[in-house]
Structure formats: structure tokens, C-alpha cells
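Novice: If you read the sequences in order, they're chains A and B.
Going by the working numbering, the first residue of the first sequence is number 1, and it counts up by one from there.
Going by the working numbering, the first residue of the second sequence is number 1, and it counts up by one from there.
These are computed hints drawn from the structure, not numbers from a lab.
What you are looking at is a predicted structure, and each value in this text was computed from that prediction instead of being measured.
In this text, a Cβ means the ideal position worked out from N, Cα and C, and glycines have one as well.
No false leads were slipped in.
Some, not all, of what chain A presents toward chain B, calculated at C-beta under 8 Å:
#1 Val18
#2 Gln41
#3 Ser51
#4 Ser54
#5 Arg72
#6 Glu190
Result set (PhoX-like, lysine-lysine): computed pairs, CA atoms no more than 25 Å apart in a straight line:
#7 A:Lys220 x B:Lys143
#8 B:Lys270 x B:Lys407
#9 A:Lys143 x B:Lys220
#10 A:Lys499 x A:Lys407
#11 A:Lys220 x B:Lys220
There are 2 protein chains.
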Amino acid sequence: MSLSDQGYVRTIGIEQPVLGNNLADSQRLEMALKKELDTDQVHIPWAQLASLPSRLRQWDFQAKAVLFKDRRSWRLTDLLSPGHDRPVLGAAIDIGTTRIVIQVINLETREILGEIGLDNPQTAIGPDVLARIHHSNKPGGLKELQELVIASVNQHLRVLCNEQGLDTNDIFLVTGAGNTAMTHLFLGIEAFEIIKEPYIPCVNIPDTTPASEIGLDIRKGGLVFLFPNIGSYFGGDLLAGIIYSDLDKKEEPCLVVDVGTNAEIVVGSKDWLIACAGAAGPALEGGVSKMGMTAGPGVIDTVSIDPDTRQVEVHTIEEQPPIGICGSGMIDLAAALFLSGMIDIRGKFVPEICKDRLIEQEEIPAFVLVRAEDSGTGEPICLTQVDLNSLTSSKAAMYTILEVIVKNTSGLEFEDLAKFYVAGTFGSFINPESAISIGMLPDLDRRVFEVLGNSSLGGAALMLTDTTAFDRVMAIRETITYIELNVNQEFMNMFSGAKFYPHTDRARFPSVPEV
Amino acid sequence: MSLSDQGYVRTIGIEQPVLGNNLADSQRLEMALKKELDTDQVHIPWAQLASLPSRLRQWDFQAKAVLFKDRRSWRLTDLLSPGHDRPVLGAAIDIGTTRIVIQVINLETREILGEIGLDNPQTAIGPDVLARIHHSNKPGGLKELQELVIASVNQHLRVLCNEQGLDTNDIFLVTGAGNTAMTHLFLGIEAFEIIKEPYIPCVNIPDTTPASEIGLDIRKGGLVFLFPNIGSYFGGDLLAGIIYSDLDKKEEPCLVVDVGTNAEIVVGSKDWLIACAGAAGPALEGGVSKMGMTAGPGVIDTVSIDPDTRQVEVHTIEEQPPIGICGSGMIDLAAALFLSGMIDIRGKFVPEICKDRLIEQEEIPAFVLVRAEDSGTGEPICLTQVDLNSLTSSKAAMYTILEVIVKNTSGLEFEDLAKFYVAGTFGSFINPESAISIGMLPDLDRRVFEVLGNSSLGGAALMLTDTTAFDRVMAIRETITYIELNVNQEFMNMFSGAKFYPHTDRARFPSVPEV
Chain A
1 MSLSDQGYVR
11 TIGIEQPVLG
21 NNLADSQRLE
31 MALKKELDTD
41 QVHIPWAQLA
51 SLPSRLRQWD
61 FQAKAVLFKD
71 RRSWRLTDLL
81 SPGHDRPVLG
91 AAIDIGTTRI
101 VIQVINLETR
111 EILGEIGLDN
121 PQTAIGPDVL
131 ARIHHSNKPG
141 GLKELQELVI
151 ASVNQHLRVL
161 CNEQGLDTND
171 IFLVTGAGNT
181 AMTHLFLGIE
191 AFEIIKEPYI
201 PCVNIPDTTP
211 ASEIGLDIRK
221 GGLVFLFPNI
231 GSYFGGDLLA
241 GIIYSDLDKK
251 EEPCLVVDVG
261 TNAEIVVGSK
271 DWLIACAGAA
281 GPALEGGVSK
291 MGMTAGPGVI
301 DTVSIDPDTR
311 QVEVHTIEEQ
321 PPIGICGSGM
331 IDLAAALFLS
341 GMIDIRGKFV
351 PEICKDRLIE
361 QEEIPAFVLV
371 RAEDSGTGEP
381 ICLTQVDLNS
391 LTSSKAAMYT
401 ILEVIVKNTS
411 GLEFEDLAKF
421 YVAGTFGSFI
431 NPESAISIGM
441 LPDLDRRVFE
451 VLGNSSLGGA
461 ALMLTDTTAF
471 DRVMAIRETI
481 TYIELNVNQE
491 FMNMFSGAKF
501 YPHTDRARFP
511 SVPEV
Chain B
1 MSLSDQGYVR
11 TIGIEQPVLG
21 NNLADSQRLE
31 MALKKELDTD
41 QVHIPWAQLA
51 SLPSRLRQWD
61 FQAKAVLFKD
71 RRSWRLTDLL
81 SPGHDRPVLG
91 AAIDIGTTRI
101 VIQVINLETR
111 EILGEIGLDN
121 PQTAIGPDVL
131 ARIHHSNKPG
141 GLKELQELVI
151 ASVNQHLRVL
161 CNEQGLDTND
171 IFLVTGAGNT
181 AMTHLFLGIE
191 AFEIIKEPYI
201 PCVNIPDTTP
211 ASEIGLDIRK
221 GGLVFLFPNI
231 GSYFGGDLLA
241 GIIYSDLDKK
251 EEPCLVVDVG
261 TNAEIVVGSK
271 DWLIACAGAA
281 GPALEGGVSK
291 MGMTAGPGVI
301 DTVSIDPDTR
311 QVEVHTIEEQ
321 PPIGICGSGM
331 IDLAAALFLS
341 GMIDIRGKFV
351 PEICKDRLIE
361 QEEIPAFVLV
371 RAEDSGTGEP
381 ICLTQVDLNS
391 LTSSKAAMYT
401 ILEVIVKNTS
411 GLEFEDLAKF
421 YVAGTFGSFI
431 NPESAISIGM
441 LPDLDRRVFE
451 VLGNSSLGGA
461 ALMLTDTTAF
471 DRVMAIRETI
481 TYIELNVNQE
491 FMNMFSGAKF
501 YPHTDRARFP
511 SVPEV
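Chain A with its partners taken away, still in its complex shape:
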């Protein structure tokens, strides 16, 4: 939020009418808004006109204006009494495939008043994007998916407001960011072509629109804006990440990577931006996503193995008895296994070192991470060779995509990056040290890495509090170069090298200890 920015709520004075000047009340209001906003385009909605004359006179030609923008102009969202003493609120939403997070923000003080998380209720229909899009193509399916998510957001907005002593009727603006499919389903727009060659979304820039049009239960006349996407595999969540990380303002090249269902990467500075998204072609089918993301009480999130004693330590969320492992735990585990010599550079278990930790499950080698007696489920928690192969492919895919976009496309070396931002909920749990050890992330000075946290939510919130954010997003959309990942022979060669631990080219990872 720039300190000079005055936000979307402004107290304005409207010129009083006198004889000899026949400007209409609405024109006077428009003039006052244009002057206040230093713009030549303001849209005043119909509904604000009906009682404008009596309101202006009752308020002595002063008013509190709640504003927003669309692609063509500023938009008056509501006009309130200058003494309006209720909070003027906005809601920012991270529309994740698995998890949705909502923040309520005071648009005047720009303070975050509360946050609530919820599982995306569309999960009941399909766990992933593909299953939901297939469902959306059945009769009534699209409507069902939209209603599920909107109803759930409405309900949680109410809960959040109740908790904070607020009222959903005081929410004037809603901003949201999600991947391209989630954006379409949230808006009730056909999404089927997204997953069919040539992978065409219906909309890349959803217009600012009345929230009531998609069923959001906020103040009458309130507006909703979802972040635009760059393409089917490059969603508004990453655009939110770009403005949240200020990538578009950087003097030196930086990189943002969102390790979510796919790997989405942007590299650039104030002068140029290049973007690339992961799920492309059979080599990476489900690639990054298979590492899993579901976190919850009892899920193992960090793992360490003593390289000498090979003693295994796990930590679980809320320190409950372990019941499974999440993505960040898997990366920790793989790093610990590699650094303790329990897997080799090809990512295969070494029986003589794993010893009794290695068993067979349905004839497949499996590493016992938690023994049955220590497990919350009564069963041992194991990592099979198949799971590990999948992780190996994922980490190799991640590194190869980074290499393609930074080296082959941008013509940089990893060392040229001034900052390496790791975005997304999953990203915020990754231990960079572990990710580097397995060759998933490049071996850079650890101070270069920065965890952005929920940058999708952060960007959506910024959109409510900083009036320059809208124009930045539109400008980024115009200038960004989107690279379709070309899975050709060269890519496959690079990918093969990256499937080793940490890499066939050992010199790239000088800080990773030799085992």
C-alpha cells in the first residue's frame, strides 16, 4: 500500500447549484469525483441517481463516496452521508482449489479486521480441477458448482462478520484471486474448453460487476472483481502474487514461483515480465501436484534424519499423533533420506543403509517413516518407491521449468536473481534448505529466498486498499510475456538431468553436502 494513496473511500464536496448554471446534480457529483480522483472517467450507477437530489441537499452537498474501478473507468459504488459512522468494508478472497481464505478489511483505515478459512465445498464434487470441470459440463453441473462455492463464501462471510461484530451489509467491495478454472466456476462461466486442446478460457479479464449478479450477499450495489488470468494454466492467483511481491516495480530481476497444484513462475522486473506455467504435456502430467498439499492436525510437516545415527524425527501439525504426510514434509523427508545416504543419487532406496526401515508393500519397497506403534492410525506410515519416484519427477519438473524460464528464456543465470519469492500456501511451508538439497530449487544464497505466504490473498487485499493496484494488474496483463512450456527433446534432456539428487551436474549445488 503506497502511503500517498487515499484508498477507495473519499469524502467529497459537491459544488452547490446557483441560478445561471444548469448543471444537473449528477454532473456536479461527477465533476467532484473527477476532481477528487484526477480522472476523466467516472461511472455513476443508475441506482445512485433516484434519490440523489434530496440526499445531496440533506447532506449539504457533502458525501462519503465508496469507489472502485473497472477497465473503462472509476466506478461509484455507493454514496453515503458525510457523517456515515458504520465501517465501510471490503472482502478479499483467495479462491483456492482446496482451500478458500477470506479477509474482511476496513476500506477507510485499510486495517484487516478478520480472516476465515474454509474448505472449497466443490471438493465434494471433485478433488481437483479436472474432475470439477468435467462435472461442470454435465446438465446443471456448472450452476451446482457455482452455487456451492458462492453459498459457502456467503455463509463464511456472515460467520466472520458476526465474530467481529460486523455486518455483511457493510461490505461494498469483494476482490478475489484464483486459478483460471476456479475463477470461471466462481463466476458461473463455462470452463470446459480450459481442459480441451487448444486450452482456451472463456474469459481472461473478468470485468468488475455487481456482486449480486453472481449471488454474493453483500451490500446492494456492491461490486466484485476477480483477478484476470493470463491463460488456462496461468491464473489470477499469480497476478495477485506479482503485485503482492512488487515484482513489477523491481529494479533487478526477481522471480516468483507458486508451488500449488501446478508450478507457476514469473520472472522479471519493472522493465519486463516473463511467465510460464507447469502442467504441460505427458512428462509433467500431474507433475508438481502429486506432492500433495492437504495439511491438518496429525499431518507430518517436517522430517529430519540424523546423518550419523539415522535416527528419524517427525513433527506433526498441532503435535497430534502422526496420520500422514503433507507436501512440505515429503520434501523434508526426501532431503533427509538423501543426505543420510538412505537413497542414492537416482532416488532409489539403499537397502543396506535403510536396514529395517525398508520393507515391502505389495512387492514395492517402502520406507517406514513412522512405525505402527507410534502412528495415529495404528498402521505404519510409509513412503513407497512409487511415491518417491513421483516426488523425484515433481522436483525435477520444478527445477527444469525454473531453468527453462530463467536461463533459456530470460537469458539469465540463477545468480542474477535479486529475490526468489516462494508463493502459495504450500510454498510457505517448504523448507528451502530441503528443497535445495534435493535439487528442486537452485542453490542460491539463502537470503535470496523469501516466503510470500498466501500471496493470492495478499494481492486481493492489496486490490482493496491501494487504488493503483487495479491499473498495475491491467498493465501487467498487457506487458507480460507468457511462455507455453515446450516439452521437446531439449526439455526432456534437461529433465533427465534434474531427476538425479540433487542433479547430474553436481557443481550446480556446491552448498549441498557430499554424502
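Starting from the known structure of chain A, fit chain B onto it as the hints suggest.
Specialist: Relative to the frame of chain A, chain B by itself:
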């Protein structure tokens, strides 16, 4: 309608998606529309997006687009199958204070398919603008007035469509023109300040908006546009008249006068436009309007008196027995009385010439136009000296306003006018010869005068068939100079001269015979 203009319905081809070009369907559609319309601003409404992908593919990327405009951009109103074989209709409405007229027009062939007239149902609440605005200020009054007119328009649209074998669901666009008060009441916008000093309308440029927002019962997503007004006493009806008369395209200065409830005048050419409206100040209170306008069967519309025999001849509408006299009949009557010497140059009855036609009603001299035995009411139809004085004031006001705007303001002589257009329903019944004889209109070559007819309806219809009309209206609004009639000593002096028949300065009316 310009022949080169292609109207608001266009068949377009949308570029088919291919791999390597990640433009969204909506962007392809936007590109196709921008190219077709040669514009850089097109607004595609939300509702058109939901099923766009399947529709585009089903239609093989061809479509019939129904368009319109607003102040900021072109607007896609609906997207139809390229083979859509129902008529694509628009409705043009003249929103008169007394009478409303509706035309239904085929937007593709630009043919007028039917017309229907109806009394403005708000008359039941108040006969004139003033009474209705007062009513609108009572609790619920505004809503009541709006609902009356909208319900009646909806009903008559249905009747008109039924008569023509059409369906209101095929009406995509509605355009309307009325005076400032009627425009506000039609839109349900507070109108009270219009009649209170300093006479400020709420809105001068009503935005194009979904017809459903004001309750018009046409196709879902259809749009409505009402002509903007220049001020409280200068309505959209006259802007409609300007484009209908092509005043804004004239090489030589021309004049449009709308003799309705008020006298509204515009003079100008393609280079400049000056406007002025009548009802301003006590001198003209009710001025022009008192001549009456109500026409119907049995109402006398033309009068002649033989200058030698003083034989009176009247003609009635539908040739029914006479029951009263309308405005144009009054002007004929005054001219005939003056030219036969029955009134003097001050507009007073001359008893020795009127003879037995002159009686007294409640001690006021009255001219018997129709004797009781010939009257449809059984009572004589009379013109009292009070009625005549009122007409004298009205005609003097008309002439003075014309003189002020043409001579004092524009610096022209009446003879400089290449055309003198008489607009409005009332105007179309005036006999210019009579109006000149009494000094109401200037004594110009009769070929200069042209009756425009219902120019308000004509302009509204033009708005549906000619896509340049919208921009012309907005340009006219920007460039027109609106003169508030300044009723000062100079005006009163001019007004005094004009109260004579035809004028104190007899030389101004060389073609009017000496009596």
C-alpha cells in the same frame, strides 16, 4: 439514416482458437466486435459470458451481434445464432406530457413495423408537469408516477406487438425522448428540484442502462436509452428534434422551434448551436402553453372568416359537431379575427364589426364562434377577451423569444435562416400563414417553413437505426450553448411591441394584408 451506416445488428466472424494463442473466447469476441465497429471500446456484459464457449463452437464461430452504445463504449446487448431468424426489434418512444407514441422498428431492415399512441396515464394524477412533480414529492408519489407510465408503455408495447404478429421478447433496445420532467419520472428519479429555484435536474445525461432496471418488459438484457436534456426547461425531446432535422449538419443557419407546453428553440448550423427555452419568469408564466393542445373528435382545428361577409367557417376533427377549440384552431381564429377587422391591433374585440357575434359572459366580452344550435354541446362555443388576451401574450412571448435568440443572441436577422422547422405535435397543426398574420412567427418566405411532425419520436427512431446518432447527440450536448431567458427591461420592451397585431413595427410583416 445514412446509407453507409450498418445499424446495430451485425453478423460477425470470430477468430478460431489454435494452440499457441491463448486469447480467451471473450477476447476473441471483443476483437471481432472492435474490428467490425472500428472502435477501441466494447463492453460485453457478464450475462453473455456464461455460455459463450459452447455457443461459439456450436455456431462455428459466427454470430449475430445486437449492439448499442453508452457514453463510454459500444455495448454488446445480445449475441444470437448467425441463423437467428426472428426479427430483431427496437422500440422508439415519444414520452409526451399528454400523449405517448411508440414505434416498433426492425433493427436489421430499419423498417417501422407499427405505431401506437396512448394518453400519458400520469394525467390522472396531474394534468401538467407542475402537478405531477408536486405529487412525486409526496411519499410513494415518485414510484407511483413511474409505475403508471412504465406499466402503460409495457401494456401498449404488448398490444402493438400482438397487432403486428411480433413478440416483446424480440425487442432488444428502447429509446425515448421527453422533456426533462417526463424523463426523470420515466426513470423514477427525483424531479422536485426541477421546479424549485435554481431549477436543477438530477440528471442531464441518463446513461444507457438495462431496461429491466426501470421495469420495461422487453428481452432479458435489453437496453434503454433516454435522450439527454440540456437543462430543466430544455429536454431530450428537443435534442431528438435537432438530430431529426439534421440541424447539426446544416451549412446555413436554421431554426427548430418546438411549440409544446413551453416554447423551446434551437438555432444554428454544423458550426454552432444556441438553445433557449420559454417558461422563464412571471411575464411568461404559462405563456405559450395556455393556447391549449388537446385535440380530439369535434374539436375545432381550423377557422376561417370571410373578410368581406365576415362569414365564419370552422372545421372539426373527424368532422363531428363542434365541442371546443384546440391551439391551432385558436391561432387560425385570431388571425381570421384580425384580418377581418373584428379585433384591433391591440387584440381587443371591435364591437361595431363583430356585431351580434359579440356577447357578454359574466361581464366579459366574448366572441361567439359557434352558435348554440350548431354546437355539439348545446352551448355556444365562445372566445372571451380573457382567452384572447392570453393568446396575445402567448404569441408575443413566442415572437419575443424568437427575436431574442435569433437577433440579440445569434446576431442574425430572421431572413438569414435557411430553414425554419416547426416541431412537436402541436406545431404540426399550426398554419404558418395564420401564425405569421398574428405576428407569432416572423414574416418569412413560406417555403422556409417546414413542419417536422413528431420530431421527438423521429429522433428516438433515428437513434435505433443510425449508429452515428448517439455520438451526434453527445456532441450536440457538448457544443450547444444554452441561454437562460433573461426577462429584463429590454425583454419586456420587446414583449410589449410583440403584443400588438401583428407588431408595433408593422414593417416587419410586409406580407400580412392591411385591414
